[in-house]
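A.B. asks: The lines below spell out each chain.
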Amino acid sequence: MSEYVLMQGDEACALGAIKAGCRFFAGYPITPATEIAETMAKELPKVGGTFIQMEDEIASAAAIVGASLAGEKAMTATSGPGFSLMQEVIGYASMVEAPTVFVNVQRGGPSTGMPTKLAQGDIMQARWGTHGDHPVIAIYPSTVEEVYRYIVTAFNYAEHYRTPVVFLMDEVLGHMRESLYLPPDSELKSVPRAGESVLEDDDIFQPFIGDDQMLAAPLIKMGKSRFHVSGLVHDESGFPVGAAVDANRLLRRLDHKIRLHADEINICDEYMTDDAEILIVAYGSVARSALRAVKIAREDKINVGLFRPITIWPFPATRLRQLLKKTSAVIVVEMNLGQIVYEVSRLNRRSTKLELLSKVNGEMVTPQEILDTIAKVKSEVLDL
Amino acid sequence: MSTSRLLTYLRQDRMPHVWCPGCGNGVIMKAFVDAIDRLLLDPERIAVVSGIGCSSRVTGYLNFNTMHTLHGRAIAFATGVKLARPEFKVVVMGGDGDVLAIGGNHFIHACRRNMDLTVVIFNNNIYGMTGGQYSPTTPEDTYASTAPYGNIEDQFDTVKLAINSGATYVARSTVYHYVQTVQYIQNGLKHKGMSVIEIMTNCHTYFGRYNGMPEPVQMLSYFKEKSVPLKKAEKMPPEELDGKIVIGEFVDIEKETYNEKYEQLKLKLAFKEKE
Chain V
1 MSEYVLMQGD
11 EACALGAIKA
21 GCRFFAGYPI
31 TPATEIAETM
41 AKELPKVGGT
51 FIQMEDEIAS
61 AAAIVGASLA
71 GEKAMTATSG
81 PGFSLMQEVI
91 GYASMVEAPT
101 VFVNVQRGGP
111 STGMPTKLAQ
121 GDIMQARWGT
131 HGDHPVIAIY
141 PSTVEEVYRY
151 IVTAFNYAEH
161 YRTPVVFLMD
171 EVLGHMRESL
181 YLPPDSELKS
191 VPRAGESVLE
201 DDDIFQPFIG
211 DDQMLAAPLI
221 KMGKSRFHVS
231 GLVHDESGFP
241 VGAAVDANRL
251 LRRLDHKIRL
261 HADEINICDE
271 YMTDDAEILI
281 VAYGSVARSA
291 LRAVKIARED
301 KINVGLFRPI
311 TIWPFPATRL
321 RQLLKKTSAV
331 IVVEMNLGQI
341 VYEVSRLNRR
351 STKLELLSKV
361 NGEMVTPQEI
371 LDTIAKVKSE
381 VLDL
Chain X
1001 MSTSRLLTYL
1011 RQDRMPHVWC
1021 PGCGNGVIMK
1031 AFVDAIDRLL
1041 LDPERIAVVS
1051 GIGCSSRVTG
1061 YLNFNTMHTL
1071 HGRAIAFATG
1081 VKLARPEFKV
1091 VVMGGDGDVL
1101 AIGGNHFIHA
1111 CRRNMDLTVV
1121 IFNNNIYGMT
1131 GGQYSPTTPE
1141 DTYASTAPYG
1151 NIEDQFDTVK
1161 LAINSGATYV
1171 ARSTVYHYVQ
1181 TVQYIQNGLK
1191 HKGMSVIEIM
1201 TNCHTYFGRY
1211 NGMPEPVQML
1221 SYFKEKSVPL
1231 KKAEKMPPEE
1241 LDGKIVIGEF
1251 VDIEKETYNE
1261 KYEQLKLKLA
1271 FKEKE
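Line order of the protein sequences matches chains V and X. Just so you know, we're using my numbering here: the first sequence kicks off at 1 and counts up by one. Just so you know, we're using my numbering here: the second sequence kicks off at 1001 and counts up by one.
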């Protein structure tokens, strides 16, 4: 059954997660992510799932990894300060390859910052927040409908790639209410978790054996196989090893399992990029202002286009590299002091004019501000 | 109980273990599988979760569903396991530093919720794996690598902390008292709700060496001499109990667990949906 409903972003995140098969949520109250926990507390027990409010974000993160390894699809949701506390567990989830979803509804930082204001300051933290080299997938939608759809994708990626997935949102996206098309089940496929054993009686489950695509064996439920996991460097069996060759193999496989599949993981959206001389790069709720600015600029016959990464990590480099070849200027719009601009800069081998429109006062970038930047860049590059 | 049968609960291919010769942790590991064997529990339905430290390496040797997790966080991971799989017997094993210092917050809140977990604390009064630093249970005026002039901090009484936080089964033993240790772990495993069993164990390598007891036997003798059974302790004046280790079962009460209450909530809502 499909229908149109009015829903808040945080609420869509929770309901989409349940649709994806999430049956365990542990969390701790924090603005602007609290409504996700509130929705989960109300809805999960109705579908046989479990909600628990833990004593802090560290415990919340640990509990979802425990639940995931035990056999349930699990998620937590927080904002900046809580996301900082969760980093150690995110590293553990990467190491034991526990399918988990960590939602971060970003707010102004650093520290307590601006709890009720918009910011996109955690982009690099989503990538590098935990210590050591590690793989990560991060998804960042722009509309409430996308929140509902892509949280399902987040769970599917977590299962398929056996990795923590960071689901980024922001204060505007979390608190905004808008009408959305509730897709029927047939449009939202979810990857199921395997049972307790996939093997013959005498075989031993090797939880960390990689295939030729570097992907770990699909996780099975705790029970019959009695497998072991550890945050220590381990071999295919999960037990700690000290040999340099094993450490190298594990770290490279963890990296490769995402890196080699970047093109199939990457999701991005484009608007009028075919003939764009000026390319705007924007993501999250900010991309909505960017889309409006592009539409207005097009009315004025300025050839502007929008590139919107939805998968933030791995960064959709392949497509952006193609677009950079045919544009004269790029404007990155972000609500931080410049984070994704470095990713764009890294790909910008021809030194195409690169302009950063950065805003950190907690108030949404307006289409007018973007139009002003377009005008400035146009006068500097195109009107010569 | 035959020793060879107990070996089936261990991952013998993972031996030798990392513990020092004479370490008390092996005694607790044996007492634990002895208790499992006496209760005829299904190994496929047991999950053991540990954090970081010498004692936390126990999960690598136990042939159950095992998780070697993060320093201090074992109880939080175990809470997730238990809620996802209520049919499992979920056990947390860890040291005094792991459970009571970095993990202290998770410990008191699991007690408060009466979460259906069995927590076995290996208390050696010191951080062993990092080389002998003082812990929240290191007695005042004893020495450690970070207390070179003697420890000036007061210590936690694990039993009082557990009881006052809401644990519904609380016991203490020492590695000298093997029979009691097995009995208390058995009772803890049978108990519905949060059970805490503190077992005093010897780190002669660090705590012992810093405090004039470098041999395992000296520390076992210390446990033997300093221990007072709870029944006897109740009749003793408080000043005589100073520096003593009171052993026994301090609390064993029946109380609805978090898990039971949540399962009831699910059932109630399921019926409501049908109406």
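These are computed hints drawn from the structure, not numbers from a lab. Quantities reported herein were computed from a predicted structural model and do not represent experimental measurements. In this text, a Cβ means the ideal position worked out from N, Cα and C, and glycines have one as well. Do not rely on the hints blindly, as some may be mistaken.
Here are the simulated PhoX-like pairs of lysine-lysine, each with C-alpha atoms no more than 25 Å apart in a straight line [unchecked claim]:
1. X/Lys1268 with V/Lys46
2. V/Lys46 with X/Lys1224
3. V/Lys46 with X/Lys1030
4. X/Lys1268 with X/Lys1030
5. V/Lys42 with X/Lys1266
6. X/Lys1030 with V/Lys19
7. X/Lys1224 with V/Lys42
8. V/Lys42 with X/Lys1261
Covered, in the sense of this in silico footprint (three residues per stretch, anywhere, with C-beta under 8 Å from a C-beta of chain V), are these stretches of chain X [to be verified]:
9. 1041 to 1047
10. 1062 to 1068
11. 1084 to 1093
12. 1104 to 1110
13. 1258 to 1266
A.B. asks: If a hint holds in the structure, say so; if it doesn't, say that too.
C.D. replies: Hints versus structure:
no.	hint	result
1	X/Lys1268 with V/Lys46	holds, 9 Å
2	V/Lys46 with X/Lys1224	violated, 54 Å
3	V/Lys46 with X/Lys1030	violated, 42 Å
4	X/Lys1268 with X/Lys1030	violated, 42 Å
5	V/Lys42 with X/Lys1266	holds, 11 Å
6	X/Lys1030 with V/Lys19	violated, 45 Å
7	X/Lys1224 with V/Lys42	violated, 53 Å
8	V/Lys42 with X/Lys1261	holds, 15 Å
9	1041 to 1047	holds (count 4)
10	1062 to 1068	holds (count 6)
11	1084 to 1093	holds (count 3)
12	1104 to 1110	holds (count 3)
13	1258 to 1266	holds (count 3)
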